[in-house]
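Enquirer: Residue strings, one per chain:
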Amino acid sequence: MTTDAQQQALAAALLKRAPLWLQADARARRLGRGRTEDAADALHLADDYRLLAHDLARARVLMPASRAREFLESAYARAHATLNHGDWRLGSTLRTLFVIELPAAVRWLAPYILWASLVFALAALGGFLLVERYPELIALFASPDLIASVEHGKLWTEGLLNIVPSAVLSVQILANNIVVSLFAYCAGFLFGLGTLYILGLNGLMLGAVFAFVRAHGLGGQLFSFIVAHGCVELSVMCLSGAAGAAVGEALVRPGSAGRVAAFRFAALRSGVVLIACALLLVGAGLIEGYVSPNPAYPLPVRIAIGVGYWLLMLALLTGRLWWFVRAPATSDAPRPA
Amino acid sequence: MSEAAPGLSVDSVTGIDVSLPLAGPGARAYAFTLDWHVRLVLALGWYAAGALLYNGQLSLAPPLLSDVRWFGLVVVPALALYFLYHPILEVALRGSTPGKRMAGVRVVARDGSAPGVGALLVRNVFRLIDSLPVFYGLGLALVVLTREHVRCGDMAAGTLLVYERTGSEPALAQHAAERLGRLDATGAELVAELLGRWQELSAPARAELARRLIVRYSPGSTVTELDDAQLRARLEELGRPAAATP
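As given, the protein sequences belong to chains E and F, one line each in that order.
The opening residue of the first sequence carries number 1 in this note's numbering; numbering runs sequentially from there.
The opening residue of the second sequence carries number 338 in this note's numbering; numbering runs sequentially from there.
One or more hints might be untrue.
[As the list claims (entries may be wrong)] Derived CB-CB ranges, DEER-like:
1) 64(E) / 577(F): 20 to 28 Å
2) 397(F) / 47(E): 53 to 61 Å
3) 430(F) / 54(E): 28 to 36 Å
[To be verified] So these bits of chain F aren't anywhere near chain E, every CB distance computed over 10 Å:
4) 393
5) 404
6) 472
7) 523
The set of hints was computed from the structure by calculation and includes no laboratory data.
Virtual Cβ for every residue (Gly too), placed ideally from N, Cα, C.
Produce the entire structure from the sequences given, and follow the hints as far as they go.
Expert: Written out as structure tokens, the structure reads:
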């Protein structure tokens, strides 16, 4: 038999196995989507994997430019992913995320959270001292409407619900806060400087406004307005700033892994915290829309809501909120490269 | 057959590496454009339908005063459809979206598996950076300049965009196997596919393709005078198993 004829015969024999490839691919899809619990089906996948690997190796040599080879590549990749990573279910993925990955990420971020909080607190103190000493500088930090309102002895939050309904206010506030929080994280991409800028600016504004309001005898009212939603809102600001700082540090001091690998590790690990931040800001936004501007809530109730929600945040971040959930056996949390 | 795209190679215990062809800037831009149109149409459609129902007349104008019903039933869902389209669909469809499906691409982790929820959300959060300064300028520049054609979000999340091959090939391979005579495997596939799609193609297109195949695998044949039926007969003859088939 000539070499050509031999190749033809081998290719023909290979192509006749196409129905087996189709079965193997269908099984990998089924198991990959978690649509079957059949143990025999799962066992077959290991055989399919070997079959596909064998046929793919031959197809790469015998008919590299064929569509049959392309299909085999795809089916083999799918079988590989299913066999090595199991199925993918939203419920168990979310459970792993909140029960294992989030507390681990918060523990890993602990030093960054400390530093970010310190930067924010120092900036707030700086803003406070600056405006207390030079009141005219408030024009740098607050809008003319806010300044005019406070100078007339009224907080800008008074009568807010007469203008905007609570639901509208909540959504506007939470959307804005989530965007700021995500930006504080992403801005870490600029070697951490963007995050530092956002943290510093927000701290300066908070301190400056407090000093200005206090100078007009409205400090207590502002505290009363802020306390219900502010405990969590400000903590989330520091959390997202810490996540951004971790990303920034990975780019500034990547270590032996290399800059891209260090960036990937830091972004992926700290990014998990952003999911919790967004959820917490939804709650804070609802409180800010429904409770904070409503004069019917006395100060003790506001403090109780603020502290209670902050404790809930701690429970979520440390994983204690899910004490009743059995921890999943494995985690796909990123490992250092 | 198109030129092979650069790919990602993943080691396997079988010794045969898993090869994933990486999507380039063109496929990415195509998928994004399709998705952008889908989400825009969905968001505008929701807004228009909601506004018409809310106003009770042929008007899309918002109310003069802030209203919870308008905001909650018209504005918020429309904005959510537009802004949460990518993160929600990528998580629910394991790294795919309608636009990506139409463009034949999907998002995978660097080991070829479906990315986790955290990775997909991080990938989407970084759109804030990739979209700077305008029209995804930074993201597009990175996709063009990086070896693996990734934007900032992919770098952060450890994800890649790869081509997803769809599966009509096994049936084609079976037909091709029956036609392996004097044809090689690629030729047998082409003849099988052309005969399978004969009725779908326009007469001039199938005649042109048939003539090319016959000339390629039967050098010296005269094909210019052959009509539609004769071309089909010659193709079938070409694909018939010959003596070389064991």
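Enquirer: Holds or violated: is the Cβ of residue 523(F) farther than 10 Å from all Cβ atoms of chain E?
Expert: The claim is violated: residue 523(F) sits with its nearest Cβ about 5 Å from chain E, within 10 Å.
Enquirer: Would the non-interface assignment of residue 404(F) survive a Cβ cutoff of 10 Å against chain E?
Expert: The claim is violated: residue 404(F) sits with its nearest Cβ about 7 Å from chain E, within 10 Å.
Enquirer: Looking only at beta-carbon atoms, does the pair residue 430(F), residue 54(E) fall within the given range of 28 to 36 Å?
Expert: Given range 28 to 36 Å: holds, Cβ gap about 31 Å.
Enquirer: Minimum C-beta separation from residue 472(F) to chain E exceeding 10 Å: can you confirm that?
Expert: holds, 18 Å
Enquirer: Can we confirm that no CB of chain E comes within 10 Å of the CB of residue 393(F)?
Expert: holds, 21 Å
Enquirer: Do the beta carbons of residue 397(F) and residue 47(E) sit within 53 to 61 Å of each other?
Expert: holds, 60 Å
Enquirer: Looking only at beta-carbon atoms, does the pair residue 64(E), residue 577(F) fall within the given range of 20 to 28 Å?
Expert: holds, 25 Å
Violated hints, in rising order: 5 and 7; the structure is consistent with all others.
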